[in-house]
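Undergrad: Whole structure, please, built from the sequences with the hints as guidance.
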Amino acid sequence: MNSGAPTARRSGAGRLWRGLRVRTRLLIAFSILLGATLAIALVGWGGLSNTGTALSQFEEQALPDISRSLELAERTANLAAVAPYVANASSPFLLQGESQNLRDRIAKVLALARAIPQLDAAAPRLQTLLLQLERTVNDLVDLTRERLFLREDLRQAEYQLGTLAARYGSDPNLAAVVQQAERLMLAAQVNNPAELDLLQQRYVSALTALKTSAPEMAGVEQLERIGSGEGNLFEMRLNQLELEQRSAYLLASTRAISEQLSTEVGRFVDHVESRIEQQSQRVGIAVASGKSGILIITLLGIAVALGGIWVVRRLARDLGAVTRLMTRLAAGDTDQQTPAVERIDEIGDLARAFQVFRENAMEITRISQSLREQSRLLETVFTNINDGLSVFDGEGRLLAWNPRYVEILNLPPGQLKPGRTLEQVQQLLPKEARDSWALNGVALDRDEINSLRRHRVQRFERHFADGRVVEFRSSPLPGGGFVTLYSDLTERKAIEEQLRQSQKMEVLGQLTGGVAHDFNNLLAAIIGNLQLLETRLEPDSKAANNARRALAAAERGGGLTQRLLAFARKQRLQPETIDIDRLIGEMLDLIEYSVGPAIEIGLELHAAPWLVNVDPGQLENALLNLAINSAAAMPGGGKLSFETGHVADAGLESGDEAVLVRVQDTGAGISETHLARVFEPFFTTKEVGEGSGLGLSMVYGFVKQSLGDIRIHSQLGEGTRIDILLPRVADLRQHEVDEDKQGALPSGRGQWVLLVEDDQPVREMAEDMLDSLGYRVESVASIEAAYTALSERADFALVFTDINLGTAENGLHLARDVAEMLPGLPVLLTSGLPADQLSSRYGLPVGQYVLAKPYHREALARAVSDALDNTENKES
Amino acid sequence: MNARVALLSLCSLLVLALPVMAGPLSIGVSVSDLGNPYFQRIARAAEQQARLQAGDEVRVQVMSSAYDLERQAAQIDRFIAAGVDLILLSAASYDGLNDAIAKAHEAGIYVIAVDVQAAGADATVTTDNEAAGRLACDYLVRQLNGRGRVVIINGPPVSSVLERVEGCRDRLADEAEIELMSMNQNGGGSFEGGFEKMTHLLTAFPQIDAVFTINDPTALGAEQAANEAKRHDFIIASVDGAPRALQRLPQPGTLLRATAAQFPSRIAKQAIELGLRLVRGETLEQQLWLIPPELITAENVGEFGRW
Chain P
82 MNSGAPTARR SGAGRLWRGL RVRTRLLIAF SILLGATLAI ALVGWGGLSN TGTALSQFEE
142 QALPDISRSL ELAERTANLA AVAPYVANAS SPFLLQGESQ NLRDRIAKVL ALARAIPQLD
202 AAAPRLQTLL LQLERTVNDL VDLTRERLFL REDLRQAEYQ LGTLAARYGS DPNLAAVVQQ
262 AERLMLAAQV NNPAELDLLQ QRYVSALTAL KTSAPEMAGV EQLERIGSGE GNLFEMRLNQ
322 LELEQRSAYL LASTRAISEQ LSTEVGRFVD HVESRIEQQS QRVGIAVASG KSGILIITLL
382 GIAVALGGIW VVRRLARDLG AVTRLMTRLA AGDTDQQTPA VERIDEIGDL ARAFQVFREN
442 AMEITRISQS LREQSRLLET VFTNINDGLS VFDGEGRLLA WNPRYVEILN LPPGQLKPGR
502 TLEQVQQLLP KEARDSWALN GVALDRDEIN SLRRHRVQRF ERHFADGRVV EFRSSPLPGG
562 GFVTLYSDLT ERKAIEEQLR QSQKMEVLGQ LTGGVAHDFN NLLAAIIGNL QLLETRLEPD
622 SKAANNARRA LAAAERGGGL TQRLLAFARK QRLQPETIDI DRLIGEMLDL IEYSVGPAIE
682 IGLELHAAPW LVNVDPGQLE NALLNLAINS AAAMPGGGKL SFETGHVADA GLESGDEAVL
742 VRVQDTGAGI SETHLARVFE PFFTTKEVGE GSGLGLSMVY GFVKQSLGDI RIHSQLGEGT
802 RIDILLPRVA DLRQHEVDED KQGALPSGRG QWVLLVEDDQ PVREMAEDML DSLGYRVESV
862 ASIEAAYTAL SERADFALVF TDINLGTAEN GLHLARDVAE MLPGLPVLLT SGLPADQLSS
922 RYGLPVGQYV LAKPYHREAL ARAVSDALDN TENKES
Chain G
101 MNARVALLSL CSLLVLALPV MAGPLSIGVS VSDLGNPYFQ RIARAAEQQA RLQAGDEVRV
161 QVMSSAYDLE RQAAQIDRFI AAGVDLILLS AASYDGLNDA IAKAHEAGIY VIAVDVQAAG
221 ADATVTTDNE AAGRLACDYL VRQLNGRGRV VIINGPPVSS VLERVEGCRD RLADEAEIEL
281 MSMNQNGGGS FEGGFEKMTH LLTAFPQIDA VFTINDPTAL GAEQAANEAK RHDFIIASVD
341 GAPRALQRLP QPGTLLRATA AQFPSRIAKQ AIELGLRLVR GETLEQQLWL IPPELITAEN
401 VGEFGRW
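In order, the protein sequences belong to chains P and G.
The first sequence: position 664 = 745 (the numbering used here), numbered continuously.
The second sequence: position 37 = 137 (the numbering used here), numbered continuously.
In short, the hints are calculated from the structure, not lab data.
Values in this document were obtained by computation on a predicted structure and should not be read as measured data.
Virtual Cβ for every residue (Gly too), placed ideally from N, Cα, C.
A few of these clues could be false.
Claimed, not checked - Here's a subset of chain G near chain P, in silico, CB distances under 10 Å, partners left out:
id, residue
1, Val160
2, Val162
3, Asp168
4, Arg171
5, Gly293
6, Gln351
To be verified - If you anchor each label on the Cβ, the simulated ranges turn out as follows:
id, chain 1, residue 1, chain 2, residue 2, range
7, P, Asn219, G, Glu279, 40 to 46 Å
8, G, Pro306, P, Asn219, 49 to 55 Å
9, P, Gln181, G, Glu279, 42 to 48 Å
10, P, Ala275, G, Pro257, 41 to 47 Å
11, P, Asn273, G, Asn327, 30 to 36 Å
12, P, Gln181, G, Asn327, 37 to 43 Å
13, G, Pro306, P, Ala275, 36 to 42 Å
14, P, Ala192, G, Glu279, 35 to 41 Å
15, G, Glu328, P, Asn273, 28 to 34 Å
16, P, Asn273, G, Arg247, 52 to 58 Å
17, G, Asn327, P, Ala275, 35 to 41 Å
18, G, Arg178, P, Arg216, 48 to 54 Å
19, G, Ala273, P, Arg216, 44 to 50 Å
20, G, Leu280, P, Ala247, 42 to 48 Å
TA: Structure below.
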C-alpha cells in the first residue's frame, strides 16, 4: 500500500486550504457553484434548443405529412362512398350537385397528392389510380345524366301516352289505339330486354295492322311517333336498361379503384409512420443527451454544494464553539480554554478577539462584583442603620429614604413618594414635630433652617408628643441637595440622664462616706468617753443624767452616720441567708405600730422557699422606712400592701433569679419631676426638720450594696409602688443553736493588750474600755512604737490595732509581721472603713474579721474575747 | 264546386270572346319534373284549359327539363322550331334561360313563367310561396305551443323554394323559444332527397320536435326516413297539397300533419288565360300573379279534392 504519497499531497493541499481565509474559501466554493449553475443553464439551454429544433423539424415535416396522409386517407375513402350517390341521383339537379361534389373531391385529392413530395416514392400508383378514378367518375356522371334525361324523355312519352289514353279511352272505336298506347306504357316499365323485344314486335305488328285497317284513325300518328320513330320508346327503354348495367359496372369499378387507392394511401401512411418514428427517435436522443448533461453537471453541483456545506458546517462548528464559550462566559464560566487561537483565518481572529474580550469581561465581572458587594453593603447599611436617612435634591425634592426614616419621624405609611418637596414632607409630620430646636434648646425658624440645610451642616432637634426627641443632622451634598441623618435621642437622653443621676449619687456617696467616716471617729471618742464617764458618776446624779443624754445624742448621731454610710453603700453589713416572708411576718407588728391604725396593711407573701442573702436588720430598717414613707403619703388612711414573689428574669448582675419585695400604697403618688430624685440623699418633700431626706436613699444604698435593684413606679394620685429585687441564693444556713450572746460580758483576766491607735481620743477611749473590761493595756500611737513594745516585752496576749494608722505602714502590715515573728499572738483589727474599701485600699484578706468603728463596749468585749479564745483553741 | 262551375262559365265567356286566329293555337309547356304529380297536374290543367279556352284543335306539347338548363333551353328551341304561340315555362333556374327566352320573344312567342319566376318572362303565375311557408310553419308553432326544436329540409335554390323557406323562417323568428337547428340540408325537392337529408338530420340531432319541408315529396321521404329510424317524436309540415300527402294526412300514426296546398290547376288556368290574352294582343295589368295557398290538415282534408 503506497498511500503515503497521496496522503502527503492531500495533507499538503489541506494545509493550503486551511491556510486560506474563510472569505477566500467561501468565494471559491461559491464560484464553483456558480460555474456549475451556469453550466447546467448552458447545457439545459443547448438541450432545449436541440429539442426545440427537433420539434420544429418534426412540426415542419412530420406533422404536415401526418395531416396530409390522414386527409388523403379520408378523402380517398370518401370518394368510393360518394360515387353511389352520383349513380343514384334522382334528378339532374341532384346529379349536378353530387357530381360536382365528387369531382371537387377528386381534384382535392389530386392536389393533395401532388403536394406530397414523397408520395411518388411511397405510393407510386396513387396518381394513376386517381386519374383513373376521375375518368370513371366522369363516365359515371355522364352516364347518369344520360340516364336521367332518358328517364325524363320516357316520362314525356308516358305523359303523352297518358294524355292519349285519357283522351280516347272513352271512345270504343279507338280501343285499339288506346290498347297500343297502354302497351307502350307497359314497355316503359319492363326491365327485361327480351320481354321488351317481344313487346316491340307485337306493337309493330299491331301498329302495322292498325295503319292498314284504319290509316286515318286519330292518335295513330302520335302512337307511331312515340313507338316507332327515331328514339322510340323501346329504344329509350333498352338504352335505359343498358345504361343501368353500365352504371353498375362503373360503380363497381369505382369501388375497386377506391380500394386500391386505400391500399396505396395505407402504404404512404406506413411510410410517414416510419419517418415519424425516426424523427421522434432523433428528438428522444437529443432530449436524453441534454438530460444526461444536466444530470452530470447537477451531480457535480451537488458535490460542490455538499463540499460547501461541509466547509460552512466546519466554520459554523468553530464559530459555535466560540459562541458557546461566549455564552458560557456570559453565564459566568471563565475557566475555559479558547479553541482555534492558532488558526490564521477569521475564526482565529475571532478566537483571539474573544480571548481579549474574555479577559476584559473577567476584569469587568470582578469590578462589578466588588461594586455589587459595596453597593449591597451600602444598601444594607442604608436600610438597617438605627438612624433614619433621607436625601433631598437641590430643589428640595425627596430622592431617597430608608425605612427607619419613616419610623423615626412617625410619618403616615404610604404617603412618601419620590419627588415630594421638603415642605410637603414636613406637612406630614405631627404638628408639634414641625418646630426645630437647636441643641441648646433655642427654637429655630423653620424656613431659615430649611434653606440653610442646603448649604451648611445643620444639627437640630425635634420633639414628638410621645416624648421622643429626634436629632436632625443635615449635610449639603456636593451636587446640590442635602442628606439628613435622623437619630432617636430619646433613649440616649434617658441613659445620659441615668448616668448623670448615678454619677451624682456616686459623688454624693463618696462625699457622705468621707464625712461619715470622720464623724464615726468623733462619735466613737464621744461615746466611749461618755460610757466611761457614766460608770464613774453616781448613777442617779445630775451629771450621770447629763452624761446619759449626751450619750443618747451621740448614739443618735452614730445612727445618722450609719444611715449615711448605708446610702453610700459603705455600712458594714452582716448578711445572712434568710426567708423574707418570715422576716416580714415577724416585723408586722412593728410596721402596724409605725404606720398607725388608719392604714390597712395587706400581706401577700409568696417568696418562700426562695432565700436571699441580706443583712436582716438593714432589710427590716428599709421596709420600715418605706412603710413610714407610704404612711406619710396617706394622711387620710389607705392601704399598704407587702407582696413577695419570684422573678425569673430580673437581669441582676448576680443572676436572673430574684425575690421580689413589692411595697405598694394608695397614697398621693410622686410627681414625675420628683420621681427622678427620690433616691438622692437629703431630698425631701417634707417641711424642713420633719424628715432627714435619707430614708429612701438609705434603702437605695442598702439594696444596691446587697447586689439587688430597686425600682419605683408612681403617678400623682395613684399611689406608689416600690419593687425591691434581691438575688436568690442557695440555702447554706447552719442551723446551729444560737448561743446566748446576750449573756454577761466576757471580761479579761488581767492579760496584756497592745493597743495601736493613731487617733488619740479613740486610743484613750479604747484604753479605758479595755481597762474596764479587766485587761491591762499598753497603748502606742504608731507602728514603730508597736514594734518597740513587742520587742521589749513578751507577755502580750493580744495586739489590737487600727488599720489606718495615717502612715504607709498600716495595721495589716503589723498583723502580718506579728504572725511571722510571734506566731500565736492574736491580732484584732479595727477600722471605720467598710470591708470593701479595706480590701481595695489595704488588701484586707477576705474573711478577716475587722471590728467596725465606732464600737460599743459590748462589741469590743466580745471581739477581744473571741480573738483570745480562738488563739487558745488553736494552741490547745 | 260552385267555384269551379263559376270558373268554367267564366272560361266559356272568355273563349267566346277569343278572336278568330289564322291556324290552330300551339302551346309549349316545359315543366321541371314530370315524375312530380304537381307538374303533371300543371301540364294537364294547362292542356285542358287551353282546349277549354281556345278550342279542341289547340296543340299542346309537354316537355320536362329534369331541372336541367341545357335540356330546357333545347326544349325551348324545339318549341320555337315547332312554331308555338305560347310557352308555359317552369324554369330550372331564374336567369339561366335568358337567351332561350329572348329567342322565343324574337320568334313572337309569349313566355309565361309558371310555378317559379323566370327572368324575361312576360308574366309569372306562382303560388304565394312565402304565405305557404308561413302557413305551414305557423301550424308547427301552434302545435309545439311556441316551444321546440325545428329543422328545415331545404330544396333547389329556385324562387318558390327560397320564398317558402323565407316565409317559414319569418314565422319561426317570431317565437323566442323556437330553436331553428338546421335549414341548409338540400333535399332537392324529391322523395329520395327528403329521405336522405332526414336521415342526416336524425343522426345529427337526437331531439327534433318539428320539421318543415319545402314540398310534399320531400316530406314523405322525410317521414319514411323517420319510420326507418323508428323516431316518431316530431311532426312534419310541408307545402304542396299533393295527392299522396292528402292521402297520408288522415292516416293514423302519420308524422305529416299539414301541408300548405298549392293549386296547380288554378296556376295553369291563370297562366293559359294570361297567355291567351297576350296572344290576343292584350296587355297585362301586372306581371306577377300569386295564387294563395291553403293549409290542409287531417281536419279539413275532406274538403279538398284532387288537384
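Undergrad: All hints, please: hold or fail.
TA: Against the structure, the hints come out as follows:
1. Because the beta carbon of Val160 (chain G) sits about 8 Å from the nearest beta carbon in chain P, less than 10 Å, this interface hint is met.
2. Nearest Cβ of chain P to the Cβ of Val162 (chain G): about 6 Å, under the 10 Å cut. The hint holds.
3. Interface restraint check: Asp168 (chain G) against chain P, minimum CB-CB distance 4 Å, threshold 10 Å, status holds.
4. Taken as an interface hint, Arg171 (chain G) checks out: its beta carbon lies about 6 Å from the nearest beta carbon of chain P, inside 10 Å.
5. Of the supplied interface hints, the one on Gly293 (chain G) holds, with its beta-carbon coming within about 6 Å of a beta-carbon of chain P, less than 10 Å.
6. The criterion of a C-beta within 10 Å of any C-beta in chain P is not met by Gln351 (chain G), whose closest approach is roughly 25 Å, and the hint is violated.
7. Range check, Asn219 (chain P) to Glu279 (chain G): about 42 Å between beta-carbon atoms, so the 40 to 46 Å window is met.
8. Range check, Pro306 (chain G) to Asn219 (chain P): about 39 Å between beta-carbon atoms, so the 49 to 55 Å window is missed.
9. Judged by the Cβ atoms, the range 42 to 48 Å given for Gln181 (chain P) and Glu279 (chain G) is violated: they are separated by roughly 32 Å.
10. At about 44 Å, the beta-carbon gap between Ala275 (chain P) and Pro257 (chain G) stays in the expected band of 41 to 47 Å.
11. Hint check: Asn273 (chain P) to Asn327 (chain G), Cβ distance near 32 Å, so the stated range 30 to 36 Å holds.
12. A C-beta distance of roughly 31 Å is found between Gln181 (chain P) and Asn327 (chain G), which places it outside the suggested range of 37 to 43 Å.
13. The given range of 36 to 42 Å is broken by Pro306 (chain G) and Ala275 (chain P), whose C-beta atoms sit roughly 50 Å from each other.
14. At roughly 39 Å, the beta-carbon separation of Ala192 (chain P) and Glu279 (chain G) lies within the given 35 to 41 Å, and the hint holds.
15. The given range of 28 to 34 Å is respected by Glu328 (chain G) and Asn273 (chain P), whose C-beta atoms sit roughly 30 Å from each other.
16. Restraint check, Asn273 (chain P) to Arg247 (chain G): a C-beta distance of roughly 55 Å satisfies the suggested window 52 to 58 Å.
17. Taken as a hint, the range 35 to 41 Å holds for the pair Asn327 (chain G) and Ala275 (chain P), whose Cβ atoms sit roughly 37 Å apart.
18. Between Arg178 (chain G) and Arg216 (chain P) the CB atoms are about 32 Å apart, so this pair departs from the stated range of 48 to 54 Å.
19. For Ala273 (chain G) and Arg216 (chain P), the Cβ-Cβ distance of about 48 Å falls inside the hinted range of 44 to 50 Å, so the restraint holds.
20. Separated by about 44 Å at the C-beta atoms, Leu280 (chain G) and Ala247 (chain P) satisfy the suggested range of 42 to 48 Å.
In summary, the numbered hints that this structure violates are 6, 8, 9, 12, 13, 18.
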